[in-house]
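Same order as they appear, the protein sequences are chains G and B.
Each residue of the first sequence is one higher than the one before, counting from 794 in our numbering.
Each residue of the second sequence is one higher than the one before, counting from 794 in our numbering.
Rather than coming from a laboratory, the hints here were simulated on the basis of the structure.
Just to be clear, a hint being listed does not mean it is correct.
Any copy will do: because identical chains look the same in the list, a pair fits if it lies in one copy or spans two.
Here are the simulated lysine to any residue pairs, SDA-like style, with alpha carbons at most 25 Å apart [said to hold, decoys possible]:
hint: 1; residue 1: K1251; residue 2: A796
hint: 2; residue 1: K1227; residue 2: D1274
hint: 3; residue 1: K1099; residue 2: Q880
hint: 4; residue 1: K1099; residue 2: Y1081
hint: 5; residue 1: K1099; residue 2: R1028
hint: 6; residue 1: K1198; residue 2: R1272
hint: 7; residue 1: K1180; residue 2: H1284
hint: 8; residue 1: K1099; residue 2: D1128
There are 2 protein chains.
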Amino acid sequence: MNASESDIAERILRVDQYQLTMAQVYFRTGLHEVPARFEYFFRTCPDYGGHRAGYCISAGLEWLVRWMADSRFRDEDLAALRGQRTQSGEALFGEDFLDWLRSHGAWSGVTLRAVPEGRVVHPNVSLAVVEGPLIMAQILETALLNHLNYQTLVATKAARIRESARGQMILEFGLRRAQERAASAGGRAALIGGADFTSNIGIARLLGQPPKGTHAHSMVQAFMALGEGERAAFRAYAEIYPDDCLLLVDTINTLESGVPNAIRVFEELRAKGHEPVGIRLDSGDLAYLSIRAAAMLDAAGFTEAKIVLSNQLDEMVIWQIVTQIEQEASRYGVDPDGLIGRLVYGVGTRLITSEGCAALDGVYKLVALRRDGAWEPAIKVSETPEKTLNPGEKRVWRLYDERGKAAADLLCLAGEDPREMDEIVLRHPTEATKRRTFARSRLTECEPLLLDVLKDGKPVGEFPTLDEIRRRRDADTARLDPGVRRLINPHIYHVSLSQRLWELKQSLIEQALDGPTRET
Amino acid sequence: MNASESDIAERILRVDQYQLTMAQVYFRTGLHEVPARFEYFFRTCPDYGGHRAGYCISAGLEWLVRWMADSRFRDEDLAALRGQRTQSGEALFGEDFLDWLRSHGAWSGVTLRAVPEGRVVHPNVSLAVVEGPLIMAQILETALLNHLNYQTLVATKAARIRESARGQMILEFGLRRAQERAASAGGRAALIGGADFTSNIGIARLLGQPPKGTHAHSMVQAFMALGEGERAAFRAYAEIYPDDCLLLVDTINTLESGVPNAIRVFEELRAKGHEPVGIRLDSGDLAYLSIRAAAMLDAAGFTEAKIVLSNQLDEMVIWQIVTQIEQEASRYGVDPDGLIGRLVYGVGTRLITSEGCAALDGVYKLVALRRDGAWEPAIKVSETPEKTLNPGEKRVWRLYDERGKAAADLLCLAGEDPREMDEIVLRHPTEATKRRTFARSRLTECEPLLLDVLKDGKPVGEFPTLDEIRRRRDADTARLDPGVRRLINPHIYHVSLSQRLWELKQSLIEQALDGPTRET
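Let the sequences and hints guide you as you build the complete structure.
Printed below as a string of structure tokens:
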């Protein structure tokens, strides 16, 4: 796809067909401008197969809003709709409907509240609330899900990798194996969730970050094919980047060729007054090779040289490498903590594709419609109880306990404020017998999670910078119970309904199940 | 990201940093214009965990070439490079290097041969061969991998889903859970590999295809919240789309509410002279519900109504549904084959994310450099034998046997032609003891797989249409051994080296392993 093609495929027409067929139904039945409320939430934390996330990191909101600013029904978009035909060969969409889209098919009537990017978020909690004319709030569904699901998924994986890396630097290397142009959003989400830098120059440039990278095997191969060797390739690199010299040492044989050649070149560098940055290992037993390489670098006096590891890393592989180093390094005369503290992780495919769980199951559901000046709650009952919606006009609060840790996210009805409750009843979203009381005296802080983003289509305030988003992530993860942060078998974080919301939900379920018999 | 941002992030700067740091090394050492040859191939077919692909479908080539046509080093791209700093605070890239990129940083010297889109392809076979000045052929790596890996991955998943669907229609519904803007490339790849239509209006428009879609639960919910019911919602839809009426019947209760309401509305439609299209089931036991729904539709005289199934479908789930229908339908008085023949599959998340295997392991490797007028083969030796390159200037042939089936893909040296060999020796790429002879008499056809795409940067011919690509896919899959097409435990398709290529590879491995000791 080239640039002009992306202009037609990725603006307002980045939408599922059924949003438009439904939109025309709303238009013809006069419902199109009825105020509607939709909520975005995901149902489960990513399960990677054998391990699963205990929390997610929200991401994607700024890009959703930027997409909205770029996307409205223009003549070229309407032409695409006008060309569609019914089974009987007539125009699928009427000209009056297309006219309405031309004049009203934008976001000026849409209000958006959302959890800011970088926050720790949990299943079944509304992360974005859209209010606006039914037709536009409905059409927004596809793009909203497309933006928020993917970035939240990748930011979450990055946060897990950060947990396993024990504070060491993480480099995002995923562009080549990324899902085509998702590499940009994926790179951004990785930087939000846990990566320190990316190799992707485009996204780094866009976010005002320096990209990172060194060289590939092909550089060494090229020198070899032209009759020179690995050491000549290293020397050429060192000469051009004397203060940024990081050498990939596994093109031929890591311990017999790569590391000795790198040390020789590092010695030449030092003789000229420069310090090398380090080496990169990209194959083999990374724990064993890093121990042996560290011993060789130490013996040569390069105790500060970094060791960058890459090759199908993820949180589990990093954890295994760290554990193996702790168990084996001393046998080779290497201090395990010292070695772990000089490691840098280059993480590619498994981060940007969220290996093991390639999609977040986020959904966007109609929860209320405004009729005669009041919000009428809407519900969808499912034979799977977990899929039955939490209806109505809600608020989301995060409750902190006497330790200052986040204890639960509470979904309430509008007008309810946990700070004014004598005791806070936490109802399980689906199981009637699961309830508990959170004593008012334990509540040290009660924080609304949803903030205004768009009011009547206009942005409320500036977007936070990447650094601000990362500080929010760090603050939130620090206030999580360590059990929730565990990589394996994390504690379930409590997401609860207030007593009144629970009661509303039960009564609507009853009504819905009784409903069909009354229709004529 | 908005449109102007994508312009900076997704043209030539959609590249890994190390391509540019290496490029400057080539420039400073005078190697930048040495003709180089790189090859793209993947190492293994996708393994989805418990089942794996026996072949892949190539896709992504046209979009790679379109990206190339749009991407060169412009002033704004060079400004991003000029801003980069070394550890010591100096400019990372010199002005002379940036000047070279400004004047030469495009694809005019690059020649590309590739396997066309839609073809059946196999591991370790070169699918794209790039020749050009070392510096530009190197820089192309990231974008080439990014384009070809993802579309080939998704086209392959779509082909598997097509295998399981027994010729029934497949709809691609993945936009909402796709990896953000990869939805466009993913939608295209799904249409190449096996999907008949997509719900994504943007990509359908771009490819000149009609999008498909009906309505969501929210339409029924909206009518309910406003005091009406499911049947009223269905009626409204039927009135607006009398010849395109496909109703989602599981918002309340599929068998007690949805299907009876749909039948009532279908009867009203028929009374007005219209035939309904059918119903969609999106939850619950899809096999059981489709049997029961078919019985109800049949009893009401709607024997032609389609039953669209959706909800986390993939090739395994579809296979299970079909098998269950075969075993259970007759018990409910429903003809299994008749029911299977009226099913349509809406496949979303698991197709566009290639559930279970979210990345193809495609790589792009330097295989030769031109020196003194001749190609010098380049090799990278790996401690994992499968990762050691097949070096040099090669040709790829597909051999067909006496049944007309594809028997093997043979990698030869340039100048070798299997049609001129008395007997064709097929060497395993890594294992010396695995070899066999393909009798010349069995060879019914011998086809070169790589075609010219770009010569010195200029396109050779037109791109095939989507229909042409699909016909190629069908022709190729028809000529595969059924064992290779199996969804579970497919036969290994033979990819072999010619005797001469095998010998070249062995001698280069020896040289490389001896090499390092000779350096000073």
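Identical-chain pair category, K1099 with R1028, by Cα at 25 Å: within (18 Å within a copy, 68 Å between copies)
Intra- versus inter-subunit Cα pairing at 25 Å for K1099 with D1128: For K1099 and D1128, only the intra-copy Cα distance (14 Å) is at most 25 Å; the inter-copy one is 68 Å.
25 Å Cα threshold - placement of D1274 relative to K1227: Answer is within; shortest intra-copy Cα gap is 21 Å, inter-copy 56 Å.
Intra- versus inter-copy proximity for A796 and K1251 (alpha-carbon distance at most 25 Å): This pair counts as between: shortest inter-copy Cα distance 19 Å, intra-copy 27 Å.
Homo-oligomer pair classification [Q880, K1099; C-alpha up to 25 Å]: Between copies only: 14 Å across chains, 65 Å inside a chain, cut-off 25 Å.
Status of R1272 relative to K1198 across identical chains (alpha carbons, at most 25 Å): within (5 Å within a copy, 62 Å between copies)
Intra- versus inter-subunit Cα pairing at 25 Å for K1099 with Y1081: For K1099 and Y1081, the Cα distance is within 25 Å only inside one copy (16 Å; across copies 59 Å).
Copy assignment of K1180 with H1284, given that the CA separation must stay at most 25 Å: Answer is within; shortest intra-copy Cα gap is 22 Å, inter-copy 41 Å.
No hint from the list above goes unmet by this structure.
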